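Kindly produce the complete structure, drawing on both the sequences and the hints.
Sequence order for the protein chains is A and B.
If you count by this note's numbering, then the first sequence holds residues 1 to 348, one letter each, in order.
If you count by this note's numbering, then the second sequence holds residues 349 to 555, one letter each, in order.
Hints were generated in silico from the structure; no laboratory data involved.
None of the values given here were measured: they were computed from a predicted structure.
Misleading hints may appear alongside valid ones.
What the hints assert, rightly or not - Distance condition first, Cα-Cα at most 25 Å in a straight line; then the derived DSS-like pairs of lysine-lysine:
| id | chain 1 | residue 1 | chain 2 | residue 2 |
| --- | --- | --- | --- | --- |
| 1 | B | LYS506 | B | LYS529 |
| 2 | A | LYS156 | B | LYS432 |
| 3 | B | LYS432 | B | LYS529 |
| 4 | B | LYS545 | A | LYS156 |
| 5 | B | LYS542 | A | LYS156 |
| 6 | B | LYS506 | B | LYS495 |
| 7 | B | LYS484 | B | LYS372 |
| 8 | B | LYS463 | A | LYS156 |
Said to hold, decoys possible - Computed list of chain B residues with no C-beta within reach of chain A, every gap over 10 Å:
| id | residue |
| --- | --- |
| 9 | LEU355 |
| 10 | SER407 |
| 11 | ASP477 |
| 12 | ASP518 |
To be verified - Pair by pair, the computed Cβ-Cβ distance ranges are:
| id | chain 1 | residue 1 | chain 2 | residue 2 | range |
| --- | --- | --- | --- | --- | --- |
| 13 | A | GLY93 | B | LYS545 | 16 to 24 Å |
| 14 | A | VAL198 | B | LYS545 | 48 to 56 Å |
| 15 | A | VAL97 | B | PRO394 | 53 to 61 Å |
In this text, a Cβ means the ideal position worked out from N, Cα and C, and glycines have one as well.
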Amino acid sequence: MHVRMRQWLMVVLTVFACGLPASAMAAETSSQEQAARQQTQPGNNAPVWRDVRGGDNPYQTTQVRGIESSVLVQPAGETWRQLRNGPITIYGGWLIVTVMALIGVFYWWRGPIKLHEKPTGRRLLRFGSWDRMVHWGAAISFVLLAVTGIIILFGKHILLPIFGYTLFAWLAILAKNIHNFVGPVFAFCTVLMFVTFVRDNLPKAYDLQWITKAGGLFSGKHVPSGRFNAGEKAWFWGGVTLLGIVVSVTGFVLNFPNFEQGRELMQQANVIHAIASIVFMTLSLGHIYMGTIGVEGAYESMRTGYVDEAWAKEHHEFWYQEMVAGNKSGGGAASPVAASALKEGWKA
Amino acid sequence: MARMKFLCDAERCIECNGCVTACKNEHEVPWGVNRRRVVTLNDGLPGEKSISVACMHCSDAPCMAVCPVDCFYKTAEGVVLHDKDLCIGCGYCFYACPFGAPQFPQDGAFGLRGKMDKCTFCAGGPEDDNSAAEFKKYGRNRLAEGKLPACAEMCSTKALLGGDSDVIADIYRNRVLKRGKGSEVWGWGTAYGKPEKGATPPAGAKS
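Right, dumping it as structure tokens:
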């Protein structure tokens, strides 16, 4: 297990390392340059000092063991600091605040999307217990990671002035540990999410129609869709899958420094992790809004697994037709008919 | 008030690691933590040089800037110190530091690195000067006793200078004038090239 994890991490590290500039050759030439310089200008050590600032000289040694302990100066740290403290914190923070405000304005203007017709009272199984377990596993871990991540990146600016040093440090230690231990859980749930929901998220021709009409979000007109509409599919592929993989991989690089990865790799991982997770959080605001207060009945579908037939017809018409035709089961689990059949004790 | 700095004379350093040992002994730092190290450049090649490096107590310290809990503070003498009670062990100071000064007592699986430890310029921490709590967390507070850092005091060739910036710069200038070479003040551009930031007024340290 341990060896396999190490191998896996080495693959990840190698992928990242390929992006780094090869610098050993440059150092080789500069040490020759230094030897030549000593002949013509004894005492002029400029080539050596250039190396020192670059930190690339392969002939640098030290008796102290540690990560990159033979490197004297690593200039990349300053770049990382400027990126993290600058654009990531400032633009990232304002992006989250702006999107929250826009959603608030949208809710105030449009209100919740209600059912046009009366509920029929007949319910369809939309999400089986496995679907819901996987969804809430990922959702709860995501929210924990988002909140703790916000504390780690923005807490210094928004909470520290209110809480003071002692209380905020206590909160930050809690946030860091929750973040580091829930992170791998989220990565695991992301894999399960992909496997569970990929079949019904494959793009279909009718998704184009949904996209061109923006799902009727602004017009309020009904646009038919399958089990998942194009908006949900975009969230599945762009959010859960793509950003899920990006934040998980970079998160593992940062969470396990015991594999002796260098600082530059961790700086790059941190920058990618921060940007991807801010975009992820921003998109999730849309998903959380639609799944709770934005659409009537959406939260109940994931809470209980069941939706009313009227809801299914209005929001996911093609899926509703498939369900009524009875040739496809919702949630990858037993269809309502089969479920009741099992309860009755006879085999389908 | 004096501005405390380190200066390592690469023309004099003989890579004896006496400073490393002096530091370990003075502060009783745990295994695996090295507040100071000696790096040899072009080891075995013409123009070989050795440099002793620790926290340089930068004027615009990157560790201070990136710390998510703002646990760093700077004394009136420009010494960059940190509060281990606040430190969450995230490792960000280690990413940012140009000199590799921040050290962690644990290997860091699941980000469990323990509290960061680094050179204090022998100036302890936020606890009462020379108290048992201060010694346990940060080592000896020699500055409070009117002494300079143990590493520089112990240096056999006086390559490593630690103290008032003006005084050690003068000593170094005289050396360069006498020997006519080796004028590079290693690390000073990186450490002290920017305007001073975050220095606390002499009234007292942060609570």
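Hints and how they fare:
1. B:LYS506 / B:LYS529: This hinted pair holds, its Cα atoms lying about 17 Å apart.
2. A:LYS156 / B:LYS432: 17 Å, holds
3. B:LYS432 / B:LYS529: Between LYS432 of chain B and LYS529 of chain B the Cα gap is close to 42 Å, so the pair fails against 25 Å, i.e. violated.
4. B:LYS545 / A:LYS156: 17 Å, holds
5. B:LYS542 / A:LYS156: 23 Å, holds
6. B:LYS506 / B:LYS495: 16 Å, holds
7. B:LYS484 / B:LYS372: 13 Å, holds
8. B:LYS463 / A:LYS156: Between LYS463 of chain B and LYS156 of chain A the Cα gap is close to 18 Å, so the pair holds against 25 Å.
9. LEU355: 14 Å, holds
10. SER407: About 13 Å separates SER407 of chain B from the closest Cβ of chain A, which puts it past 10 Å; holds.
11. ASP477: Holds, because the least Cβ-Cβ distance between ASP477 of chain B and chain A comes to about 20 Å, which exceeds 10 Å.
12. ASP518: ASP518 of chain B is indeed farther than 10 Å from all Cβ atoms of chain A, at 21 Å.
13. A:GLY93 / B:LYS545: 16 to 24 Å: With Cβ atoms ~22 Å apart, the hint holds.
14. A:VAL198 / B:LYS545: 48 to 56 Å: 51 Å, holds
15. A:VAL97 / B:PRO394: 53 to 61 Å: Since the Cβ atoms of VAL97 of chain A and PRO394 of chain B sit about 58 Å apart, the hinted range of 53 to 61 Å holds.
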